[in-house]
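Chemist: Chains A and B are the protein sequences, given in the same order.
Residues 1 to 586, numbered by the UniProt record's numbering, are exactly what the first sequence covers, in order.
Residues 1 to 472, numbered by the UniProt record's numbering, are exactly what the second sequence covers, in order.
By construction, these hints were calculated from the structure, which means they are not laboratory data.
Just so it is clear, CB atoms sit at the ideal spot from N, CA and C, and this is done for glycine as well.
Mixed in with the good hints, there may be bad ones.
Reference listing, derived: stretches of chain B covered by chain A, where coverage requires no fewer than 3 residues with Cβ under 8 Å from a Cβ of chain A [stated by the list, open to error]:
id, segment
1, 38 to 47
2, 225 to 231
3, 271 to 278
4, 290 to 296
When the alpha-carbon atoms are kept at most 27 Å apart in a straight line, the in silico DSSO-like pairs for lysine-lysine are as follows [what the hints assert, rightly or not]:
id, chain 1, residue 1, chain 2, residue 2
5, B, Lys444, B, Lys415
6, B, Lys457, A, Lys483
7, B, Lys76, B, Lys5
8, A, Lys201, A, Lys414
9, A, Lys557, B, Lys415
10, A, Lys530, A, Lys575
11, B, Lys244, B, Lys76
12, A, Lys530, A, Lys557
13, A, Lys557, A, Lys483
14, B, Lys2, A, Lys575
15, B, Lys457, B, Lys415
16, A, Lys575, A, Lys557
17, A, Lys208, A, Lys414
18, B, Lys5, A, Lys557
19, B, Lys244, A, Lys530
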Amino acid sequence: MSQAQDIDIDDADGVIESVSGPVVVATDLGARMNDVVYVGDEGLMGEVIEIEGNLTTIQVYEETSAVSPGEPVLNTGEPLSVDLGPGMLDTIYDGVQRPLDVLEEQMGAFLDRGVDAPGIDLEKEWEFTPEVAVGDELEAGDVVGTVPETESIDHKVMVPPDFAGGEVESVEEGSFTVTEAVVTLDSGEEITMRQEWPVRKSRPTVDKQTPTTPLVSGQRILDGLFPLAKGGTAAIPGPFGSGKTVTQQSLAKFADADIVVYIGCGERGNEMTEVIEDFPELPDPQTGNPLMSRTCLIANTSNMPVAARESCVYTGITIAEHYRDMGYDVALMADSTSRWAEAMREISSRLEEMPGEEGYPAYLAARLSGFYERAGYFENMNGTEGSISVIGAVSPPGGDFSEPVTQNTLRIVKTFWALDADLAERRHFPAINWNESYSLYREQLDPWFVDNIDDDWADTRQWAVDTLDEEGELQEIVQLVGKDALPEDQQLTLEVARYLREAWLQQNAFHDEDRYCPPEKTFLMLTAIKTFNDEGFEALDAGVPVPEITSVEAAPKLNRMGTASDYEEYIADLKEELTAQLRDLY
Amino acid sequence: MKEFKTITEISGPLVFVETEEPIGYDEMVEIETPNGDVRRGQVLESTSDFVAVQVFEGTSGIDRQSSVRFLGETLKMPVTEDLLGRVLDGSGRPIDGGPEIVPDERRDIVGAAINPTAREYPEEFIQTGVSSIDGMNTLVRGQKLPIFSASGLPHNDLALQVARQATVPEDVAEDGEGESEFAVVFGAMGITAEEANEFMDDFERTGALERSVVFTNLADDPAVERTVTPRMALTTAEYLAFDKGYHVLVILTDMTNYCEALREIGAAREEVPGRRGYPGYMYTDLATIYERAGRIEGREGSVTQIPILTMPGDDDTHPIPDLTGYITEGQIMMDRDLNSQGYQPPVNVLPSLSRLMDDGIGEGLTRSDHAGVSDQLYAAYAEGEDLRDLVNIVGREALDERDNRYLDFAERFEKEFVDQGFHTDRSIEDTLDVAWDLLSMFPKSELNRVDEEEIEKYYEEDESETVEATAD
Ligand SMILES: Nc1ncnc2c1ncn2[C@@H]1O[C@H](COP(=O)(O)OP(=O)(O)OP(=O)(O)O)[C@@H](O)[C@H]1O
Ligand SMILES: [Mg+2]
Chain A
1 MSQAQDIDID DADGVIESVS GPVVVATDLG ARMNDVVYVG DEGLMGEVIE IEGNLTTIQV
61 YEETSAVSPG EPVLNTGEPL SVDLGPGMLD TIYDGVQRPL DVLEEQMGAF LDRGVDAPGI
121 DLEKEWEFTP EVAVGDELEA GDVVGTVPET ESIDHKVMVP PDFAGGEVES VEEGSFTVTE
181 AVVTLDSGEE ITMRQEWPVR KSRPTVDKQT PTTPLVSGQR ILDGLFPLAK GGTAAIPGPF
241 GSGKTVTQQS LAKFADADIV VYIGCGERGN EMTEVIEDFP ELPDPQTGNP LMSRTCLIAN
301 TSNMPVAARE SCVYTGITIA EHYRDMGYDV ALMADSTSRW AEAMREISSR LEEMPGEEGY
361 PAYLAARLSG FYERAGYFEN MNGTEGSISV IGAVSPPGGD FSEPVTQNTL RIVKTFWALD
421 ADLAERRHFP AINWNESYSL YREQLDPWFV DNIDDDWADT RQWAVDTLDE EGELQEIVQL
481 VGKDALPEDQ QLTLEVARYL REAWLQQNAF HDEDRYCPPE KTFLMLTAIK TFNDEGFEAL
541 DAGVPVPEIT SVEAAPKLNR MGTASDYEEY IADLKEELTA QLRDLY
Chain B
1 MKEFKTITEI SGPLVFVETE EPIGYDEMVE IETPNGDVRR GQVLESTSDF VAVQVFEGTS
61 GIDRQSSVRF LGETLKMPVT EDLLGRVLDG SGRPIDGGPE IVPDERRDIV GAAINPTARE
121 YPEEFIQTGV SSIDGMNTLV RGQKLPIFSA SGLPHNDLAL QVARQATVPE DVAEDGEGES
181 EFAVVFGAMG ITAEEANEFM DDFERTGALE RSVVFTNLAD DPAVERTVTP RMALTTAEYL
241 AFDKGYHVLV ILTDMTNYCE ALREIGAARE EVPGRRGYPG YMYTDLATIY ERAGRIEGRE
301 GSVTQIPILT MPGDDDTHPI PDLTGYITEG QIMMDRDLNS QGYQPPVNVL PSLSRLMDDG
361 IGEGLTRSDH AGVSDQLYAA YAEGEDLRDL VNIVGREALD ERDNRYLDFA ERFEKEFVDQ
421 GFHTDRSIED TLDVAWDLLS MFPKSELNRV DEEEIEKYYE EDESETVEAT AD
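Bound conformation, chain A alone (with noise of 0.2 Å):
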């Protein structure tokens, strides 16, 4: 059931036998399992969660202060559905696509309960332009027309997965809400720009590829060394304070993506705000325009009900898959994948449910997997290849990554983005652990960068793990016998490392050049750091102590070529700078 509908209220309509929170009980209920229904006097919108004989239990999306037994359930016989359509982009919803600041204009700064409003706007005029004629056979999934959405995209309005198709006999243009039919078939199915989709099912789809292109993140840790496909999935777990935010931020700002989908799924108010009114001013570095005209928020926070917070997620992704069959490429974050988890886990013990590991019901790995599932790149039904990268935030109790939603999580993604206390105390930000981490994508990205950025691409790349490794390893001698103990070489490795670490992986999410950082400068970055490494090593080898070499003017300069303006020459003459200095060594 999506709130466009008229509710068409039947005879299988029950009563209200006990509330607890978010849970409620009702007796007389014709329903169906997932079926909408409108609960108590004041119609709170619920959702059929179990049924035992006459009674039958739902999940509230609203608070339910003062609801009473005795009060009417009314049911739609419906389940939970979200409507797809233009106007989805540039708009913020809550966990059952309620958009908030239509809420806002209805109640005020605080949200309010027993109010509806339809995921898209139902009188708004979309210019509609056909893309097929009379006569035309169209299949379930074709695209019949193109709705300029925002700036950035144009939306694509297809026959629905569910129609049978057949030939065309009518065709529109021009302006039309989104309830009117644009395209009518002989079968008798009009088609609108309007579709409507329960959540908790996939939108099919014919073949689900292996990615090859990478989700480029303007991120020199993610794309240097733990590289997300798109059409992949990745999960970033880390203590509070860690950075999960941040990260997923900065992904939904520079990934080149064409459509980001950005879910906070039980987390701070003000964060969203953040985004809300950031992401207006901010260009997308693709096209340029407002990021907001690519992006779709998501809106569920610690403070808001419950039970939507559990929706919230299969909200997203159902549009993101929208946007995936009309041959996009979609990027979906949430934030946090266990604060839907929590979720989960309360209405089950309200359930009384068998609880499994740490109180989380024993169906918590399907859920994550069947979520994580609805990833992948795919060929959709109308021909076109699009694909959904998800990135999951994971927030384990006490930082521990041995809890039940990382392990699960961990078993199905294949991208791993371990953040890490030790370094945030640091302020080693992203303080993504480079050895905890790890991409399954990463040999099979490498032709891309090979292709698209330098040849030398995997080569630099291997060069910089094995230089952390070998840090890794002289850093535990360190701690024993202090750094004067090593042998020269090693102690320039430090060196090296350290400025891999400082000056490559470090990356200011805030400084308005360093926070996007394109491939070609993370490869460029990572070349000036060998060059140091390279010369330093040749300057050893003629004689030249370490702290020479180590000490060179332009050595510091590293440090600054995350923030320089102007990189390609800030880069180029660096490296004719230490080039010249230590060579002048000996």
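Once you've looked at the hints, dock chain B with the ligands against the given chain A.
Modeler: Positioned in the frame of chain A, the structure of chain B with the ligands alone reads:
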């Protein structure tokens, strides 16, 4: 009003009542014992034939003959500007012998969530006069920034220092906001009478009481009442901020006692416990408290929260600090070692954080070098701290000149920057000047977090020469 004498079961803080009429979830309840005592409570679960009631003042003395009245409404806080200057108990009833409170309005204490589209992002710098906060963990109006402490540490002194010294520098305050007044709402949950007096004495001495509303649930007051005290306090704070235009600082202490009360109720209801016996919904519950900080577009005032909690066993992975840290916008971490060395306030900046700092500082707000200086201080202190471990093993002689300098820095940083005393009020300029004093121990090339122009402007040349001389 519906009245019943049908109690079927009494268990811990819970009373189960058979009812013939439907009762609303969350509704207020009064239970009168045979000897005339009236206890207040709240409906935790309502079914068509029984109701579970949580009793705030404890269930002792209640028997099956007691009569139960359902008041037909949820728990409300009477609000008015006249609350300023008043001292109330943990359920909002005056205990200062003053006149009865004539409310402007009675408000539901379960505050509705602020719509994220209606929020205004907090970015007005609050100068607390404490260097470790202003310089490196800046507080802004509308933020929730807890103090993570432990038993025996002077968190109250720090909270009082902040309450006393907090000001918003004029050029930071938005236009036309000059007249907005400052108020303190203080919510005490399960603290000792002695601690409460410490606060009251300071409020009285400094005249702060006049612009404060004090809610006190002391250690010997009913534990269950602690679950409503912070909500009473925040309902009052929201009213003062968003209806009356005050900039309200809310101090809640001790959130650990609040969480213990939650655990007690959960156990009485025989719920499946989460980590370490605390309820699985504790994150959500705490969020409905902490998220009530903020600013709202088009409204004058603000609610800034400084909750205090004591970490059981000094362990920041314990569920109480852990879940708090996941909700609040940073934390100020008190440190036992620094405290035993006599540093005041004993703030360990490394695990401390203010997430709203980045937008609240810089040109026009504090000073253009602020962000860089802060980052550099963090990096340098972290490096110095690491070296301390090493020095214990290999000795100072085994370290090179660079490392020795970092060790000296860590030492001086604690003595000069952190240890300012509870009665020193430093302006942000003073704080940054102290910082440059310390950073100038390093050669300029080491200061890679600060912009080059800032180094030119603030670096103190002679400082590094003297150090270099001693290091040789
Ligand atoms: N790339 C970065 N550059 C600069 N600062 C950063 C970066 N990443 C994180 N930080 C700093 O760390 C702080 C905490 O980051 P963030 O809010 O993303 O943590 P989190 O992991 O989402 O925490 P929580 O689980 O509590 O939500 C930020 O406010 C910021 O100061
Ligand atoms: Mg976060």
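Chemist: Look at each hint and say if it fits the structure.
Modeler: Status of each hint after checking the structure:
1. 38 to 47: Per the Cβ count (4), the hint holds.
2. 225 to 231: violated (count 0)
3. 271 to 278: holds (count 5)
4. 290 to 296: holds (count 4)
5. Lys444(B) to Lys415(B): holds (23 Å)
6. Lys457(B) to Lys483(A): Violated, at about 34 Å.
7. Lys76(B) to Lys5(B): holds (25 Å)
8. Lys201(A) to Lys414(A): At roughly 23 Å apart (the allowed maximum being 27 Å), Lys414(A) and Lys201(A) satisfy the hint.
9. Lys557(A) to Lys415(B): violated (32 Å)
10. Lys530(A) to Lys575(A): The given pair, whose Cα atoms are some 9 Å apart, holds under the 27 Å limit.
11. Lys244(B) to Lys76(B): Given pair Lys244(B), Lys76(B) holds - Cα atoms ~19 Å apart, limit 27 Å.
12. Lys530(A) to Lys557(A): holds (14 Å)
13. Lys557(A) to Lys483(A): With a Cα-Cα distance of about 23 Å, the restraint between Lys557(A) and Lys483(A) holds, given a limit of 27 Å.
14. Lys2(B) to Lys575(A): The hint is violated at about 84 Å.
15. Lys457(B) to Lys415(B): holds (25 Å)
16. Lys575(A) to Lys557(A): Judged against 27 Å, a Cα distance of about 10 Å means the pair holds.
17. Lys208(A) to Lys414(A): Given that 27 Å is the threshold and the Cα spacing comes to 16 Å, the pair holds.
18. Lys5(B) to Lys557(A): violated (81 Å)
19. Lys244(B) to Lys530(A): Roughly 61 Å between the alpha carbons, so the hint for Lys244(B) and Lys530(A) is violated.
Going down the numbered hints, you'll see the structure goes against 2, 6, 9, 14, 18 and 19, while the others check out.
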